Every structure is written in C-alpha cells, then in structure tokens.
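Peer 1: Respectively, the protein sequence lines represent chains A and B.
Here the first sequence stands for residues 1 to 123, where the numbers follow this note's numbering.
Here the second sequence stands for residues 1 to 840, where the numbers follow this note's numbering.
Treat the hints with care, as some may be off.
[As the list claims (entries may be wrong)] Each computed DSBU-like pair below joins lysine-lysine, with the alpha-carbon atoms no more than 30 Å apart: (1) A/Lys111 with B/Lys794; (2) A/Lys47 with B/Lys533; (3) A/Lys72 with B/Lys77.
[Said to hold, decoys possible] Sample of chain B residues facing chain A (criterion: CB under 7 Å; computed from the structure): (4) Val538; (5) Asn549; (6) Met550.
Bear in mind the hints are in silico, worked out from the structure with no lab data behind them.
Owing to the predicted nature of the structure, the values given are computational and were not obtained by experimental measurement.
Ideal Cβ placement from N, Cα and C applies to all residues, glycine included.
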Amino acid sequence: MSTAIATKPLETTWTDICNLEQIPVAGGVNALVENTQVAIFRTRENKLFAVSNFDPFSKANVMSRGIFGSTKRDGRDVYKIASPILKNTFDLETGQSFDDLSVFLRVFNVKLEAGRVLIGVLW
Amino acid sequence: MAHQAIVVIGNGMVGHKFLESLMGSGQHFDITIINEEAHLAYDRVHLSSYFETPAPDLSLGRAADYEAWGVKVAWGKASSIDRETKNVYVGDQRFAYDILVLATGSFPFVPPVPGKDLNGVFVYRTLEDLDKIRNYSQNSKTGVVIGGGLLGLEAAGALKNLGLTAHVVEFAPRLMPVQVDEAGGKMLKRKIEDMGIGVHVAKSTECIFDTDDSGNVAGLKFADGQTLETDMVVFSAGIRPRDELARASGIEVGERGGIVINDSCRTSDPSIYAIGECALHSGRIYGLVAPGYTMARVLADVLTGGEQRFEGADLSTKLKLLGVDVASFGDSFAKTPGAEEMSFIDPIKGSYKKIVLSSDGTKLLGGVLVGDTSDYGMLVAQVQANTVLTNPAELIVPSFDGARVKAALPNSAMICSCENVSKGAIVTAIRDGASDLAGIKTATKACTGCGGCAALCKDVLNAELVAMGQIVNNYVCEHFELSRQELYDIIRVRHYQNFDQVLGHHGNGEGCEVCKPAVASILASLYEEYVLKDGLEVLQDTNDRFLANMQRDGTYSVVPRMAGGEVTPEGLIAVGSVAKKYGLYTKLTGGQRVDMFGARLEQLPFIWQELIAAGFESGHAYGKALRTVKSCVGSTWCRYGVQDSTAMAVLLENRYKGLRAPHKLKSAVSGCTRECAEAQSKDFGIIATERGYNLFVCGNGGMKPRHADLFASDLDDETLIRYIDRFLMFYIRTADRLQRTSVWLEKMPGGIEYLRQVIVKDSLGICAELEADMEKHVQNYQCEWAATLENPEKMATFKHFVNSDLQDDNIVFVKDRDQHRPIYDFERLEALPMLNIANN
Ligand code: SRM
Ligand SMILES: Cc1cc2nc3c(=O)[nH]c(=O)nc-3n(C[C@H](O)[C@H](O)[C@H](O)COP(=O)(O)OP(=O)(O)OC[C@H]3O[C@@H](n4cnc5c(N)ncnc54)[C@H](O)[C@@H]3O)c2cc1C
Ligand code: SF4
Ligand code: FES
Chain A
1 MSTAIATKPL ETTWTDICNL EQIPVAGGVN ALVENTQVAI FRTRENKLFA VSNFDPFSKA
61 NVMSRGIFGS TKRDGRDVYK IASPILKNTF DLETGQSFDD LSVFLRVFNV KLEAGRVLIG
121 VLW
Chain B
1 MAHQAIVVIG NGMVGHKFLE SLMGSGQHFD ITIINEEAHL AYDRVHLSSY FETPAPDLSL
61 GRAADYEAWG VKVAWGKASS IDRETKNVYV GDQRFAYDIL VLATGSFPFV PPVPGKDLNG
121 VFVYRTLEDL DKIRNYSQNS KTGVVIGGGL LGLEAAGALK NLGLTAHVVE FAPRLMPVQV
181 DEAGGKMLKR KIEDMGIGVH VAKSTECIFD TDDSGNVAGL KFADGQTLET DMVVFSAGIR
241 PRDELARASG IEVGERGGIV INDSCRTSDP SIYAIGECAL HSGRIYGLVA PGYTMARVLA
301 DVLTGGEQRF EGADLSTKLK LLGVDVASFG DSFAKTPGAE EMSFIDPIKG SYKKIVLSSD
361 GTKLLGGVLV GDTSDYGMLV AQVQANTVLT NPAELIVPSF DGARVKAALP NSAMICSCEN
421 VSKGAIVTAI RDGASDLAGI KTATKACTGC GGCAALCKDV LNAELVAMGQ IVNNYVCEHF
481 ELSRQELYDI IRVRHYQNFD QVLGHHGNGE GCEVCKPAVA SILASLYEEY VLKDGLEVLQ
541 DTNDRFLANM QRDGTYSVVP RMAGGEVTPE GLIAVGSVAK KYGLYTKLTG GQRVDMFGAR
601 LEQLPFIWQE LIAAGFESGH AYGKALRTVK SCVGSTWCRY GVQDSTAMAV LLENRYKGLR
661 APHKLKSAVS GCTRECAEAQ SKDFGIIATE RGYNLFVCGN GGMKPRHADL FASDLDDETL
721 IRYIDRFLMF YIRTADRLQR TSVWLEKMPG GIEYLRQVIV KDSLGICAEL EADMEKHVQN
781 YQCEWAATLE NPEKMATFKH FVNSDLQDDN IVFVKDRDQH RPIYDFERLE ALPMLNIANN
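Working from the sequences, and respecting the hints, build out all of it.
Peer 2: Following this line, the structure appears as structure tokens:
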C-alpha cells in the first residue's frame with residue numbers, strides 16, 4: 001500500500017522549458033511537461049518553484065496566473081501562491097493548501113542550468 | 001420481489017447513522033453490515049470519557065435495535081470486493097450486494113520514525129487502543145503524545161487522567177495549527193501548560209529510543225539534539241482515509257487518498273457509495289462527524305429516490321480540552337477576498353476571540369475562540385444565517401447586550417448542524433414544555449451529535465451576558481501595518497514608483513494577493529500608469545493582468561466599452577461577428593452593454609485586434625475602475641425627458657473611464673424624475689431637472705443596497721462635473737481597500753454633511769489638488785488594450801503555455817440553449833485528469 005509521503009527517489013526526467021527571463025520576477029508561467037501542466041514561479045532572488053497548474057478548488061488550470069507572495073509560518077516567511085479564481089492560497093514548497101490542509105498541489109522538481117529552466121518529474 | 005441487498009462495510013459513527021436514516025425512510029432493504037471492531041458502533045467523539053469513572057455508555061448501535069431493523073451483522077474484516085460479480089469477501093465468506101456502502105473511516109497515521117514499533121507506542125482511535133493504553137500506563141510514569149492537534153491534546157488529557165506526567169510534542173510552532181491562529185495558539189499553550197502538561201512546539205522527532213535493547217520505550221530524540229524521557233508514546237499525527245479496499249478493486253481514489261465521491265456520495269462504480277471519513281468529496285476529506293452524518297442522511301435519501309445532495313460542509317469545531325475551550329469556525333484564517341479581522345484578547349481571564357468579517361463589515365465569515373467559547377454556537381449560526389450586522393464588534397466585546405444579539409437570530413438559523421435542528425424547532429420544544437438541555441435533547445435530538453451546539457442551545461434557553469474589552473485594526477494585510485489610506489498617503493508623499501520600494505520601506509515578507517493589487521491600484525490612481533508595465537503586471541489580480549474577467553473554467557469574458565449604453569448598428573454587427581468567429585457566448589449585461597464569454601487566454605489579443613479596428617475600447621469590466629454610466633434615452637426621444645441624459649452619460653463615462661479606485665465605480669443618468677436609469681443606486685447618480693441636474697452620491701445595488709443621498713440640486717453641467725471630479729478623487733484618497741462609496745460614506749465621521757463641506761465648501765483646502773489629479777487622469781487616459789496590442793513583449797504573455805502553442809484541454813464547452821457554457825464538474829466525473837494513481 002502506498003503512503004502519502006514519497007521518500008525514496010524514483011526516476012527523475014528533466015524537461016527543458018524556457019529562459020529564466022521568460023518568467024516574470026515575482027510571477028509565474030505555465031509549462032506543458034509530458035501532458036501535465038506545471039506552473040513555475042520565480043522569486044525576486046531567482047529561486048524557482050514548480051507546482052501543478054490545476055487549482056483543486058476551482059478545478060481549472062490557472063495557478064500560474066495567480067498572485068505570488070509570502071506568509072509567516074513558524075516564524076519565517078514561506079512563499080505562497082493564490083489561485084486567481086477563488087483566492088485559495090498554497091504553500092509553494094509543499095503544495096499544501098492553507099485553507100484546507102488535506103488539499104495539495106503536486107510539487108515538481110525545478111532547476112536552473114545555464115539560464116534555462118528545467119522541470120523534473122518523478123514517474 | 002426480493003428487496004435490494006445493501007452491504008455496508010464499517011460500523012463506525014457514520015455507518016451507524018446511515019442505518020438509522022435508512023430505517024427512518026420506511027422503505028425495505030436487505031441489509032448486512034460488516035464490522036471488524038469488537039463492538040457495535042460507538043461514540044468515537046467522546047472516546048476519552050472511557051477513562052472516566054464510572055465509564056459512560058458510549059454505544060450507539062444496540063443489538064436489539066439492529067435485530068428489530070432486520071440488519072445482519074457480519075463480525076470480521078472485509079478483505080476484498082469483486083465488482084464484476086458484486087460480492088464482498090470477509091475471509092472466505094461471501095456477501096452479495098446490489099448496493100455497496102463503504103463507511104470504513106480512517107486510520108491514525110504513524111510517521112516512519114525509527115522506534116515506532118517499540119513496546120509502549122500506541123495510537124488513539126478505538127476502544128481497543130484505549131484498553132491497551134490503560135494497561136500499559138499502569139507500569140508507567142510519563143507519557144508523550146506526538147501531535148498537538150485536536151486529538152493529540154485530547155490524548156494528552158487522557159494520559160494525565162490516567163495519572164501520568166503528560167507531554168505534547170508538536171512539529172508546527174503552535175498547538176492546534178489547523179484550527180487556531182498564532183495568537184490563539186499562544187493563549188492555548190499557556191493554558192495547557194498551566195494544567196501541568198508539558199508543551200513542546202516546533203519540535204521534530206528524530207527517533208524513539210529504548211535503553212539496553214529492552215525493546216521498551218525510554219524516550220524521544222528531537223532533530224535539535226534534545227531528548228525527552230518517557231515510558232510511553234501515543235501517536236496522534238493525523239489520520240488517513242481507509243481506502244485500501246476501494247484502491248485494490250480499482251475504484252477511483254484521490255491523489256492523497258480518499259475514495260472519490262460525487263454529490264450523491266457515489267464512487268466511480270455506480271453501485272458503490274462511500275460516506276464518512278473515508279470519502280473524498282470535491283478534493284476534501286472531512287475528519288469530523290457532522291459532515292459524515294450529512295453524507296449518511298444524503299445517501300439514505302438518494303437510495304430511497306430522494307433529491308438530496310452533499311454539497312460540502314463547514315469545518316467548524318468546538319471542543320473542551322482539559323477544561324480549556326477552543327473553537328474555530330467558518331473562514332477562520334480570513335481567506336475570503338477583502339475579509340477583515342477583528343480580535344479581542346483578555347489576558348486576565350485568559351481568553352482570545354477573533355472574528356473574520358466581510359470587507360464591508362456586515363457579514364460574519366468565521367473566527368477563532370480560545371478560553372471562552374460560550375458564544376460559539378451563536379456565532380456559527382450568524383455565519384450560516386448570513387445575518388446583516390450593524391455593529392460586528394458587539395459579537396466579541398463586552399456588552400450588556402449579548403442577549404439581544406442572540407435573541408436576534410432568525411428562527412430559521414441552524415443551531416445544531418449534526419442533527420439539522422433550527423432555532424425555531426428548539427423554541428417550539430421549549431414552548432411545549434422542555435425546560436432544560438436534557439429536555440431539548442429528547443424533544444429535538446439537538447446536541448446529541450458532536451455536542452458543539454450545547455452552549456447555544458442553553459443560550460436559546462436563557463440568554464446570558466458576556467463582559468470584555470476590544471482591540472481592532474484595519475491593516476491591509478500581514479505585510480503592512482498600515483490601512484489603505486495610510487498606504488496611499490505614504491506612496492503619494494514619498495513618490496514611490498513600484499511595489500518593492502513600498503514593501504522595502506514599510507512592509508515585510510514578499511507581499512500577497514491582498515496588498516499587491518492594493519498597491520498596484522494606488523499607483524494606477526496616482527500616476528495613471530499602464531497596468532501591465534514591467535513589475536506592475538505581477539501585482540495585478542488576474543483580471544487586470546490579462547485585461548479580461550476570468551471565469552470559473554479559466555477562460556475569460558470580453559466587454560467592450562459602450563459609453564452610456566449607446567451602440568451603433570455597425571458596432572453591434574462588429575461585436576456579433578467577433579463573437580461568432582471566436583465562438584463566444586454573448587449576453588447583455590446588467591450594465592447596458594454586451595459581454596462575450598468563453599475566450600481562451602491566447603484568443604484575447606486577436607479578439608481585441610478586431611474590436612479595436614471596429615472602433616471599440618476596453619470596457620474595464622475587469623478593473624476596480626469605472627464600470628458603466630447607464631443612461632435612459634432622455635429628452636432626445638422620450639416624451640417626458642427634460643435633459644439629454646444619454647449625452648451626459650456618454651460624456652461622464654468617457655471622462656472617468658479607466659480611473660482606478662479602491663473599488664469599482666458605477667454611475668447612471670436619468671432624463672427625468674421617473675428615474676429609468678436607476679441613478680439612485682449608483683456611486684454617483686444624476687437625475688435631470690428643469691433647471692439642470694441633481695447629483696446623488698454613495699448609492700449601491702448589489703449585496704447591501706443603499707439609496708444614494710441627494711448631494712446638490714439643479715447644477716449646471718460645469719459645476720456637476722467639478723463636484724464629481726472632487727468627489728471621486730476624495731474617495732480614491734481616503735477609502736479602504738474594496739470599500740464601495742456607500743460603505744465609505746457610512747463610516748465617514750460627519751457623514752454627508754462633512755462630505756459637502758469638503759467638496760462644495762473646500763473645507764480642507766484640497767479641491768484644487770483633487771481637480772488637478774482628475775485632469776491628469778483625463779489627459780493621460782489610454783485604452784489599455786490598444787497599448788497592449790502595440791507591445792510585442794506583453795502580447796507574448798497571452799499564451800496558455802510558455803513552451804507550447806497547445807490549448808488547455810481541460811476547457812470543455814457544452815451546448816446550452818442556443819449557445820454554450822463551460823462543462824460542470826459532475827458532467828465529467830469519469831475523466832478527471834488529476835486522479836491517476838500509480839500503485840507503488
Ligand atoms: C456581467 C454582469 C452580470 C450580467 O450578466 O449582467 C456582472 C458580472 C459580475 N459581477 Fe456584477 N455584474 C454586472 C452588473 C452588476 C450590477 C448592475 C449594474 O451595474 O447596474 C450590480 C449592482 C449594482 C452595484 O454594483 O451597486 C452588480 C453587483 C455586483 C457586486 C456587488 C457589489 C456591491 O457593492 O455589493 C459584485 C461583487 C463585488 O464587486 O465585490 C459583482 C461582481 C461581479 C463579477 C465581477 C464577479 C466575478 O468576480 O466574477 C462578475 C464578473 C463579470 C464578468 O466576468 O464579465 N457585481 N453587478 C454585469 C456587468 C455589468 C457591466 O456591463 O459591467
Ligand atoms: C478521540 C477522538 C475524538 C474525536 N473528537 C471529535 C470531535 O470532537 N468532533 C468531531 O466532529 N469529530 C471527532 N472525532 C472524529 C470522529 O470520531 C469521526 O469523524 C467519525 O467517527 C467518523 O466516522 P466514520 O464512520 O467515517 O469512521 P469510523 O468511526 O472510524 O468508523 C469506521 C469503521 O469501519 C471499520 N472498518 C474499516 N475498514 C473495515 C473493513 N475492511 N471491514 C470491516 N470494518 C472496517 C473500522 O474498524 C471502524 O469501526 C474524534 C475522533 C477521535 C478518535
Ligand atoms: S427617465 Fe424615463 S421618462 Fe424620463 S426621460 Fe428617461 S425614459 Fe423618459
Ligand atoms: S452541532 Fe453537533 S450535536 Fe449539535
């Protein structure tokens with residue numbers, strides 16, 4: 001039986017997406033990665049986050065069009081994204097919804113190589 | 001004819017409620033329940049009272065009842081489902097079903113911490129677990145609960161009742177992180193510590209260890225290197241739905257577990273249903289008994305041909321932990337756009353109360369209570385009844401009027417959501433002789449579920465008074481300790497040009513979906529800046545960011561401006577052919593213009609190219625900006641008209657179009673006193689008179705209608721426009737975020753008289769400035785769509801994918817009347833893309 005926590009690394013496939021500059025600072029874009037829509041966000045320090053573009057509350061592919069921001073959790077700032085439809089917010093690191101802790105956005109691996117943004121999917 | 005065979009797996013609280021509801025329906029079925037526990041259904045919610053002496057009777061299901069109902073009980077664990085032949089197996093015993101109901105609840109989650117299998121490690125879910133804990137505790141001195149949530153605190157209390165020194169360890173920085181906010185968490189920690197229970201927050205457990213390979217728990221080691229000695233450990237780290245049977249038989253389960261159901265509680269197999277904690281509805285699992293009970297009732301109704309549907313439930317909870325009352329209800333973290341928070345802390349009595357209000361303060365949306373939850377039921381009922389509040393502070397601050405608030409609840413207000421009992425039903429029961437809580441329970445069943453409504457039931461019985469003090473703020477959000485007006489003034493005086501400057505000097509963190517659009521709107525009001533300018537575009541709400549209104553499926557609507565509602569036949573034809581070409585649904589709006597729906601992000605620029613070529617401009621239906629100036633036809637055609645109201649409406653709409661404001665702005669001009677344009681329901685409304693125009697201000701339609709106030713009479717055109725210029729700019733400078741003019745005026749000290757002093761008498765000496773600001777707006781106005789079409793970089797962002805020209809395949813339209821609409825979720829239940837589960 002599977003548990004909700006994936007601990008052991010499976011095979012990661014990396015897909016080249018775009019130039020860093022194509023992602024607005026403190027904003028996001030949506031990418032197509034092997035039939036999956038992945039929303040990628042860029043912080044002011046060029047840190048990258050990638051989560052599923054599908055908003056589980058409104059059931060529409062819109063997360064990349066949401067507003068990027070942060071909130072204080074455990075005394076530190078965590079990055080978050082607000083869905084543009086009903087303004088539900090999610091922790092960008094874990095994908096967890098702040099409104100309903102049982103709801104998650106899938107989180108993807110993302111890295112920057114020679115100015116290119118790559119998304120890694122665990123299959 | 002043989003009755004339909006229903007098999008129910010699981011005889012927990014929800015499985016039992018289902019049987020009870022089905023029996024009430026009067027229809028007959030052949031029912032078998034499969035029960036792996038050693039008891040018939042019992043009250044899990046009050047599990048902890050099992051350690052009290054004498055232990056109360058927790059049983060819900062009684063053998064005699066089940067026998068009378070003709071329900072057969074199979075004692076054992078269902079091991080598999082054969083969906084093809086419609087059989088359930090318990091070992092090698094076979095049970096045939098027509099309808100199968102999964103009510104398997106959940107199991108306690110035990111994280112993979114080394115040492116979790118040592119002697120002395122327990123979970124807290126069943127009577128059996130409690131028996132084991134009690135036995136082990138007899139040779140123990142100390143007990144630690146891992147998990148500081150609702151159940152964890154309850155378990156810690158139970159350990160203490162067993163005579164142990166108890167500790168709670170929580171990973172998050174506060175107790176009950178799901179239910180209470182930071183301030184509430186602090187108050188709670190203090191109270192729990194005062195009871196002699198050790199509280200360790202922000203601690204991650206690295207391992208559980210024994211000594212000398214005894215195999216018995218000796219303590220915990222944390223990631224920070226510290227240790228905590230203990231003889232036993234109880235895990236309370238959350239629950240996981242028991243969906244293993246469903247999973248193994250190929251029924252759809254959610255990405256994070258839970259059996260996917262629709263509003264009828266049906267799973268992906270039409271003969272199989274799931275209810276209670278094992279079910280996943282609209283992406284949610286409910287770990288509370290009330291939503292489970294609702295599902296049970298809905299399913300009983302569905303199976304007997306009824307129309308009831310489960311439409312989600314509220315996660316409100318109230319509990320008493322070791323004498324500490326804690327509650328959270330509704331939108332407790334103020335997630336609703338524009339929501340405001342108001343809180344009251346009484347360190348002397350040790351209580352914390354926070355309420356979340358709608359942006360205009362007239363609706364209660366949710367809240368958090370610690371230390372004193374006596375008003376919980378009343379507050380929840382206010383949320384559900386959607387009561388209009390005139391003085392929300394009285395909900396939490398000391399007042400000798402508490403009784404009045406409670407008495408003001410309508411009879412339809414839901415008091416007990418577990419058993420669906422309204423205030424009216426309780427009042428009737430009291431009139432019929434119920435004189436105490438027990439009497440109300442017997443008469444109405446209220447308060448027999450989770451018990452959360454007990455206080456309110458008592459309040460309805462005899463209202464009591466509360467006494468406290470108040471702390472209120474109107475900060476924009478957690479990133480700025482400033483109101484919108486203060487932000488506006490700071491940005492204006494310091495000439496800040498972008499969000500980073502404002503955040504750097506006056507805020508903290510990265511900003512959020514509340515302060516970013518607010519600052520963007522202020523910058524737009526002050527400098528008439530292009531809303532998609534680099535750095536500004538990411539601040540905008542999606543509607544402003546893509547200059548169109550986002551719809552529920554992620555497509556957009558397009559609204560070209562038709563000033564004053566006036567449109568030429570050529571214009572209409574152009575709109576018609578654009579809509580036809582791009583397959584858009586068209587509708588006349590309530591604002592006297594045409595809306596075209598269903599445009600994909602990548603279509604927007606093409607649609608606008610054609611609209612602009614046909615002479616149209618952006619209608620700003622997406623912005624917190626001027627929407628429409630509605631008109632009536634006026635003296636040009638109408639036999640009663642005394643001024644050319646249409647011409648005036650067109651002039652005003654063109655003057656103020658694009659003006660960004662704290663909220664949207666609407667206007668209308670009527671040609672005579674018959675008021676066909678409904679000007680008195682607008683932010684600024686104009687009604688023609690024989691001698692000129694009467695100006696009305698601060699009207700509102702919408703959620704809380706307000707008749708506009710007559711501001712000045714018989715104005716000539718020039719004075720009319722001057723007053724409106726000043727009025728709008730004064731509003732923009734001083735209103736709160738998302739505050740319409742109506743609420744702004746109601747909150748203005750001195751009211752309409754003061755406003756008149758400022759605008760007509762220039763009592764603040766700022767009118768010249770206000771007029772100059774408006775002149776700047778009029779001069780600098782540009783159609784945002786025209787500007788965008790000329791900017792290739794911006795145009796490139798109107799694509800669904802950054803790395804592909806494909807379209808979003810989740811957007812599906814369905815024919816409806818002679819046009820189409822986005823598909824509803826239930827229409828595509830079979831093919832949800834997110835539900836692919838890899839079995840690993
Ligand atoms: C399209 C339209 C309904 C229609 O099919 O006729 C409409 C549609 C929406 N209205 Fe409206 N309202 C429309 C006329 C109205 C009117 C009538 C009017 O303007 O004369 C009212 C009452 C008048 C008033 O505002 O005082 C109205 C009161 C609201 C309210 C409540 C405002 C309030 O202060 O209580 C909201 C919610 C809000 O703004 O917070 C709202 C919000 C909305 C939103 C923006 C909701 C949303 O966020 O998706 C809808 C988006 C429209 C879209 O996607 O294009 N709409 N809405 C009308 C567009 C008019 C236009 O041409 O621009
Ligand atoms: C200590 C404690 C305190 C709580 N306090 C509150 C509270 O204050 N308020 C509140 O709203 N909720 C509370 N809850 C939660 C509440 O008890 C649950 O929401 C509720 O019991 C869910 O009902 P259910 O029928 O879905 O699941 P359960 O009550 O767990 O019943 C499921 C049953 O199915 C059985 N089962 C599972 N699989 C099989 C199988 N294959 N074959 C046969 N049988 C099977 C299980 O053994 C179990 O008996 C509390 C829970 C606990 C443990
Ligand atoms: S308000 Fe009515 S009556 Fe007056 S001019 Fe307009 S349409 Fe005619
Ligand atoms: S609300 Fe749960 S018993 Fe009344």
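Peer 1: Determine for every hint whether it applies to the structure shown.
Peer 2: Here is how each hint holds up against the structure:
no.: 1; hint: A/Lys111 with B/Lys794; in the structure: holds (25 Å)
no.: 2; hint: A/Lys47 with B/Lys533; in the structure: holds (22 Å)
no.: 3; hint: A/Lys72 with B/Lys77; in the structure: violated (45 Å)
no.: 4; hint: Val538; in the structure: holds (3 Å)
no.: 5; hint: Asn549; in the structure: violated (11 Å)
no.: 6; hint: Met550; in the structure: holds (6 Å)
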